[in-house]
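Protein chains in written order, with full-length UniProt numbering: chain L, 1 to 663; chain Y, 1 to 663.
Everything labelled a hint here was simulated from the structure, so no lab data went into it.
Be aware that a few hints might be false.
Identical chains blur together in the list; that is why a pair holds if it fits in one copy or across any two.
[Unchecked claim] Under the rule of at most 30 Å between Cα atoms (straight-line distance), these lysine-lysine pairs were calculated in the DSSO-like manner:
(1) 634 - 54
(2) 634 - 473
(3) 54 - 71
The structure displayed is predicted, hence computed values, not measured ones.
Spelled out, the chains give:
2 protein chains.
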Amino acid sequence: MGVNSNRVEDSSSPSNNNTNETIIRISSELSTRQTMEIHNVCLPPQKTTCQKLKHRLSEIFFPDDPLHRFKNQEWCKKLLLGLQFFFPIFQWGPQYNLNLLRSDVISGLTIASLAIPQGISYAKLANLPPIVGLYSSFVPPLIYSILGSSKHLGVGPVSIASLVMGSMLQEAVSYTQDPILYLKLAFTATFFAGVFQASLGLLRLGFIIDFLSKATLIGFMAGAAVIVSLQQLKGLLGIVHFTTKMQFIPVMSSVFSHRDEWSWQTVVLGFSFLVFLLTTRHISMTKPKLFWLSAAAPLTSVILSTLLVFCIKSKAHGISIIGHLPKGLNPPSSNMLYFNGAFLAVAVKTGLVTGILSLTEGIAVGRTFASLKNYQVDGNKEMMAIGFMNMAGSCTSCYVTTGSFSRSAVNYNAGAQTAVSNIVMASAVLVTLLFLMPLFYYTPNVILGAIIITAVIGLIDYQSAYKLWKVDKLDFIACLCSFFGVLFISVPLGLAIAVAISVFKILLHVTRPNTVVLGNIAGTQIYHSLSRYRNALRVSSFLILAVESPIYFANSTYLQDRILRWVHEEEEWIKANNGSILKCIILDITAVTAIDTSGIDMVRELRKMLEKRSLQLVLVNPVGSVMEKLHQSKVLESFRLNGLYLTVAEAVSDISSLWKAHA
Amino acid sequence: MGVNSNRVEDSSSPSNNNTNETIIRISSELSTRQTMEIHNVCLPPQKTTCQKLKHRLSEIFFPDDPLHRFKNQEWCKKLLLGLQFFFPIFQWGPQYNLNLLRSDVISGLTIASLAIPQGISYAKLANLPPIVGLYSSFVPPLIYSILGSSKHLGVGPVSIASLVMGSMLQEAVSYTQDPILYLKLAFTATFFAGVFQASLGLLRLGFIIDFLSKATLIGFMAGAAVIVSLQQLKGLLGIVHFTTKMQFIPVMSSVFSHRDEWSWQTVVLGFSFLVFLLTTRHISMTKPKLFWLSAAAPLTSVILSTLLVFCIKSKAHGISIIGHLPKGLNPPSSNMLYFNGAFLAVAVKTGLVTGILSLTEGIAVGRTFASLKNYQVDGNKEMMAIGFMNMAGSCTSCYVTTGSFSRSAVNYNAGAQTAVSNIVMASAVLVTLLFLMPLFYYTPNVILGAIIITAVIGLIDYQSAYKLWKVDKLDFIACLCSFFGVLFISVPLGLAIAVAISVFKILLHVTRPNTVVLGNIAGTQIYHSLSRYRNALRVSSFLILAVESPIYFANSTYLQDRILRWVHEEEEWIKANNGSILKCIILDITAVTAIDTSGIDMVRELRKMLEKRSLQLVLVNPVGSVMEKLHQSKVLESFRLNGLYLTVAEAVSDISSLWKAHA
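Could you build the full structure based on these sequences and the hints that come with them?
Right, dumping it as structure tokens:
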């Protein structure tokens, strides 16, 4: 490496010793500046390509180092840990006691009172028979209680996944025309959703759901809530002939073109219960202690409205009721899975979209409550739990389920301690399925609409959207796009647009990175932005620039132009102010966390161009990976001595002392 | 802002004064450390949303500040500058003299001798009549010499754009079956390429071509060169029935399934001239002074082979010749533009792809030679020049042209001084078109194949590919993908895959950013990576982490997990080594150049989780935009006093002095 070798130390070579690493230059001419130690910039410890690949892959797939508990353990201890790893119930099961059980029974019964009307309502949202919603509140919670690592997650069908499944399947097959095929497709979609979720967990690709940013989700949920609420106008107004489309415009035109079908009995019944439900919800929100009010309200409404309709049944012809529901446990449905045929693609697509959406909700809800109680949920393990629960569900007449936000919140507030609350809820649903189904005969459909609206209205989080606007305009735009995309185009496309905008935002930041001129904060070794710190001072003869982004193909041309423009502007400023002539450009590349081959070419090119103008280019504080690439590409050699420093202060001190020595 | 207000200064408020900005804490208990000034972290100067938007937009679209020359100028001076801005010929024209002219005439004639055979060959590559290649070497260079800002760019048809146009149009229409339609589509594609290029320049969207990274282009050019060379096997072997497909497999099977059509005369003639051309190329490459050898070789080969075929014409039936070429200038072709009909989409698509490819080559070549002679070419202006040249070309029987690498290299080596060399070349082509066309009657097609192979073989840059492998494995993968994508799938898809991989690489860096544990370099205020600097020491009771990436939705979950894992590992290390208990986590966020709302939530969440474990979280050195967002989202308030410092050294010094004071 020639002259370079005494500045760039290969720290992996054993012959190095520590005393070599510090070069102390004492210049007798230095009067204003103190003598300063100059430190070498080291290369990171050398690694083979294989080691690097291993490190990179382990950071991508195993950032949480899931096997660290297994290290240095005995064989049988390892077995136990492995069992606990795959079945968290073995972790908390042995410590289970009566106290915990009491809390879990109370919370379990509370969520059951919510789960039964919700199950029926959400199934209707997915255009499925109401009973499927109840089936889905029985098997999946049992499986989750064995596999899941969250203590507070309340499992069951959720509004968004139900809506999306309903809208996507309805486009291919109509439930009213071919109910068997529709059911088959729903179970198949559930199966694929489960397979997709479990394989994301198994392949440790859980980070994919991180690409649905919070901003995207806020917009998406609000859009979905509006769509769902509008769909309920069918039930609330008593309209018989309703569009099967989900977008805003066809739904609204459908509502108003069938004004003759509006039934006043339905409207009165529906809106009075809606007001009741919204009031209890409002009370619970303002006084968290009264959470049971909103938790019990749906079941109360169902009971009251059913009694009401039962009493006036002879006069209430305008009010549509649920009617006969079959008694009995979940029938097996593995024979209804549909693996070849014209609609397979629809089922797979629906499975993927509902799978990723329900996964996002489940993981986010699990994380939220875990952080409130200060324990960890393992994202990849949760994915497997949710995935297996859906795969099992698809064979037992259940549709897509996940951790539901409303159920989990009620569960948490009711004092759930472990996943046993899910078992209690499942038992309550079991009793309902076996004995109480005939009681729902007179339940009016309109009440289900009111329950759904009350549930989804909480998804419209306008306060968060306003915060987005205040803090980050581009995030707000992503949010708006997903809102309007879902409302006017379609659910998957709306989501895709929002993800694309989020990614575009990252690229925009990379394409046009910030460059900042630094100055010295008087009396210190600190160099900081001139425009931000008024006590930062220009250092004469130097132009100190900080580049605030990795240098990639996407920005190398821009950065080169921008740096040259800074030089040009600095020279003009000097001319106008009679300053001392510019001699050295210092690039502080602390924040350049990566560089690619285009970036390296840019640095090489820039150095050449500045050299032609008799300007020296100095790099300061490259991070490990950048240093390595500069070294491998032999660009470092062109920087030789006095081209690379550890801090800006050292660079300024050393170079100006050299100038004085040569003067 | 409560307690916070004396640490976070709003630097835009006029009541601030400088003395306020420095808080000096002198702790009497400090024995090991010197008293240290503690500096405030400032907010950047306040800007309205509108100002920010303006700044952002001007950085995106006007990073080069093209209007700075117009500032503070008189009215008529402004007019002159504007004229010079749009027509660079007014800039260098007035200083033009005889000396410059002599150089330009020599270089112009040199490139003409290359341009004539190249024009004919490349037109054949695009499945166009050979004469179109000559037309394309006449009008566009004239227009470029008025509009272009590069002094060395040699303008004309290029191999890649010709190949892509040929392959994309051939898939829709066969030239042999419907030559008029094919010609129409070619001119229409040229027109759209020009419109696209000019509008990229006008809308200042030139940065789009930056997304074709160097790695992508290396792979793409090599793939295209292989495809082009294989296509020439048709001519070199004398095959009559050849596939119209461009991919590797159909071409190779076509070559070997028509072995009966191979003609030995053609093979002998072709390969002997190929050897001649490659030899001259090799000589010129090893001895740059003999550049004229490779520049003159194509014309020499054409003349020699034509004479040869003319002499043995009675015996050489196996050798196909160019035949009759019409004499005369470019006929107008604006009536052949095709704006409605079934093939419009093909023409537009071809225009876009060839437009962006030829633009990339033109800009890259222009920049390369400009940097060799240390002048600047304006990317957006070049785009407009190339765009207008193609739009004019499409109306005068020309197809897509741009700055050609081979021509420009010859031009540069022959001593070109200004764009006048392009005018000289165009004049030479004019003479050829008017008087010399019959001379090409006996030129064998095989010689054109040999010329094309020699030209494109230089595009296979295996040395650069090897460098990519050494410096950046992911860049190398992008390169390989574009190579194999072009070779086996198709040109646009190969390019799209390569761009997607390049973008994925950026996202990967963001999704899994580096976190580094810092230590103090003994005797200094410098904190640096423990694993990289062996003289960096752990600071007891502190864990100092540097985050090397913006914090976005895509990595906030990962970063939270990773930081908690660092804390966990540190605590285990302390337990094993009986170190002093961990009390404070310092996050050095110098390299966190941006943050979004998910990132802010992560910071808030992390602080809460650490607080529950009685660990303090401290942020060090947020950049301006991050500071602003932390402030707007009110996260800063939760950091209150002792939660935000300008440097790691100040944070460590201040916090440990506080501990001692409380002890």
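Hints, one by one, checked against the model:
Taking the shortest Cα distances, residue 634 and residue 54 sit within 30 Å of each other inside one copy (25 Å), while across copies they are farther apart (40 Å). Taking CA atoms no more than 30 Å apart as the test, residue 634 paired with residue 473 passes between copies only; the shortest distance there is 16 Å, against 42 Å inside one copy. Taking identical chains as interchangeable, the C-alpha atoms of residue 54 and residue 71 lie at most 30 Å apart only when both belong to the same chain, with a minimum of 19 Å there against 56 Å between chains.
In the structure shown, no violation is registered for any of the earlier numbered hints.
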